[in-house]
Amino acid sequence: MPTLRVDGVRVTVPAGATVLAAARAAGAEIPTLCHHEGLEPWGGCRLCLVEISKPGWTGEGKIVTSCNYPAEDGLVVRTSGERVVATRRVVVDLLLARCPGTPLVQRLAREHGIEEASYEVNPEPTDCVLCGLCTRACDRMGVSAIASVSRGASRAIAPPFNQPPPDCIGCLACAEVCPTGHIAWSEADGRRTIWGRVFEMQRCEGCGRPHLTAAQAGWARARGAAEQDLRLCDACKREQLARTLRAVSRGETVAAQAAAS
Amino acid sequence: MAIVLRVVTERCNGCGNCEMACAFVHAQGTRPAQPRIQVLGRHASPGPGTPVLCLQCDEPACLEVCPSQALSRDETTGAIRLNEARCIRCRSCVAACPFGNVAWDAARHVVVKCDLCGGDPQCARFCPTGALLSSRTGILTCP
Numbered sequence: 014m015p016t017l018r019v020d021g022v023r024v025t026v027p028a029g030a031t032v033l034a035a036a037r038a039a040g041a042e043i044p045t046l047c048h049h050e051g052l053e054p055w056g057g058c059r060l061c062l063v064e065i066s067k068p069g070w071t072g073e074g075k076i077v078t079s080c081n082y083p084a085e086d087g088l089v090v091r092t093s094g095e096r097v098v099a100t101r102r103v104v105v106d107l108l109l110a111r112c113p114g115t116p117l118v119q120r121l122a123r124e125h126g127i128e129e130a131s132y133e134v135n136p137e138p139t140d141c142v143l144c145g146l147c148t149r150a151c152d153r154m155g156v157s158a159i160a161s162v163s164r165g166a167s168r169a170i171a172p173p174f175n176q177p178p179p180d181c182i183g184c185l186a187c188a189e190v191c192p193t194g195h196i197a198w199s200e201a202d203g204r205r206t207i208w209g210r211v212f213e214m215q216r217c218e219g220c221g222r223p224h225l226t227a228a229q230a231g232w233a234r235a236r237g238a239a240e241q242d243l244r245l246c247d248a249c250k251r252e253q254l255a256r257t258l259r260a261v262s263r264g265e266t267v268a269a270q271a272a273a274s
Numbered sequence: 070m071a072i073v074l075r076v077v078t079e080r081c082n083g084c085g086n087c088e089m090a091c092a093f094v095h096a097q098g099t100r101p102a103q104p105r106i107q108v109l110g111r112h113a114s115p116g117p118g119t120p121v122l123c124l125q126c127d128e129p130a131c132l133e134v135c136p137s138q139a140l141s142r143d144e145t146t147g148a149i150r151l152n153e154a155r156c157i158r159c160r161s162c163v164a165a166c167p168f169g170n171v172a173w174d175a176a177r178h179v180v181v182k183c184d185l186c187g188g189d190p191q192c193a194r195f196c197p198t199g200a201l202l203s204s205r206t207g208i209l210t211c212p
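So the sequences go chain by chain: G and Y.
Just so it is clear: in the first sequence, position 91 is 104 by my numbering, and no numbers are missing.
Just so it is clear: in the second sequence, position 34 is 103 by my numbering, and no numbers are missing.
Because the hints were derived from the structure by calculation, they are not lab data.
Quick reminder that beta carbons are idealized off the backbone N, C-alpha and C, glycines included.
Just so you know, not all the hints are guaranteed correct.
Claimed, not checked - FRET-style restraints, in silico, Cβ to Cβ: (1) Y:T99 with G:P113: 25 to 35 Å; (2) Y:D174 with G:T71: 15 to 25 Å; (3) G:V261 with Y:E144: 22 to 32 Å; (4) Y:L124 with G:E240: 14 to 24 Å; (5) Y:E144 with G:R236: 19 to 29 Å; (6) Y:Q138 with G:K75: 24 to 34 Å; (7) G:P83 with Y:G199: 46 to 56 Å; (8) G:N135 with Y:F93: 53 to 63 Å; (9) Y:N152 with G:G94: 29 to 39 Å; (10) Y:G199 with G:R236: 35 to 45 Å; (11) G:Q241 with Y:Q138: 22 to 32 Å; (12) Y:L124 with G:R236: 17 to 27 Å.
What the hints assert, rightly or not - Calculated Cβ distances over 10 Å to all of chain Y for the following chain G residues: (13) E133; (14) P177; (15) V261.
Just chain G, same shape as in the assembly (with noise of 0.2 Å):
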């Protein structure tokens, strides 16, 4: 149990926590765009930098990202010294110049004190952050249909040469995490389209309401989940099991009234 000093207040944290989550602990306030306790720590979108120095080291600390720097006995912590709110600074007002019309972008310049971008806005504005949260999500789902490609100013996410992805499974994760909302997805007729790829969806067998793609279903079927508990939605199987109870209360048996229904 690693016992660190941020901002001054002594943290006592699990073994294996990150020094993000010990600062937080200790009530330290640290903008973050990329971390998500469900996925594995990235450092990817460099806001949570923090200056960190031991006892014993000799001049300026180190400027680390918090999220997957361990908390190590007595480090010493600062979350919002000049160097680190100026060095923050920076990433936020590069992120500006990449996203000038993304209003969590403007939010964040906003509270670090940017009017501006002070560097040459992009072009061709997108609201992807490059935060990586859609492709780590698709990675935790065990699918990988997307990717981060290319490099530098036209580094993008993207399915393997932007087409429609093979392996993906249509579950909307990746929008879902989206900070931003940039991964456009739609649902219509029983075709749900992500990606640019179409996916026929299952309709509950109780009202026909389109509910999940088959692919979801396979995926949910390789996890332990029974086939019959995919084909109603959980709407139904809520009205099934009311039914289920009700039948018991009149002293029916369970199987008599799975063989009445």
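Given the coordinates of chain G, work out where chain Y should sit on it, guided by the hints.
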């Protein structure tokens, strides 16, 4: 000892107090939440309503399919709890639950399920007819 929440279907009068209590206890700010309990079958036999809610299964399908360990068993209450910060919103749990008791809140973009209110289920507290009974001891009597 895990919390036991018992549903006595024939006592339900369909008033919906349980849904309301649930919506308010899980509210974020001033907006009531999507209730984790639902009174169904208001015109079916017997009784004017059937409350349905998570059964906190011994072998939970929701927990089994979750790819990001967002669902876990609360050792104190026995409830399967959702850690919203860990959830990547793939909704596999919604598809896998055999009873439809894990739902998607389209307004807040979160998965919702019963958490037994951390040990004191408010649906049972506000049920006027004793259709919902909760017990900390695991022993339930029908008063």
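Comparing the hints with the structure gives:
1. At about 34 Å, the CB distance of Y:T99 to G:P113 agrees with the hint of 25 to 35 Å.
2. Against the hinted window of 15 to 25 Å, the Cβ-Cβ separation of Y:D174 and G:T71 comes to about 53 Å, which falls outside the hint.
3. At roughly 29 Å, the beta-carbon separation of G:V261 and Y:E144 lies within the given 22 to 32 Å, and the hint holds.
4. Distance hint for Y:L124 and G:E240: a CB-CB separation of about 20 Å, consistent with the stated range 14 to 24 Å.
5. At about 24 Å, the CB distance of Y:E144 to G:R236 agrees with the hint of 19 to 29 Å.
6. Separated by about 32 Å at the C-beta atoms, Y:Q138 and G:K75 satisfy the suggested range of 24 to 34 Å.
7. In this structure, G:P83 and Y:G199 meet the distance hint of 46 to 56 Å, their C-beta atoms being roughly 53 Å apart.
8. Taken as a hint, the range 53 to 63 Å is violated for the pair G:N135 and Y:F93, whose Cβ atoms sit roughly 45 Å apart.
9. For Y:N152 and G:G94, the Cβ-Cβ distance of about 32 Å falls inside the hinted range of 29 to 39 Å, so the restraint holds.
10. Under the hint 35 to 45 Å, the C-beta atoms of Y:G199 and G:R236, about 39 Å apart, fit the expected range.
11. Range check, G:Q241 to Y:Q138: about 26 Å between beta-carbon atoms, so the 22 to 32 Å window is met.
12. For the pair Y:L124 and G:R236, the supplied restraint of 17 to 27 Å holds, since their beta-carbon distance comes to about 20 Å.
13. The claim that G:E133 lies off the interface holds: its Cβ sits roughly 35 Å from the closest Cβ of chain Y, which is beyond the 10 Å cut-off.
14. No beta-carbon of chain Y comes within 10 Å of the beta-carbon of G:P177; the shortest separation is about 19 Å.
15. Non-interface call for G:V261 relative to chain Y: violated, since the shortest CB-CB distance, roughly 7 Å, does not exceed 10 Å.
Consistency with the previously given hints fails for numbers 2, 8 and 15, ordered from lowest to highest.
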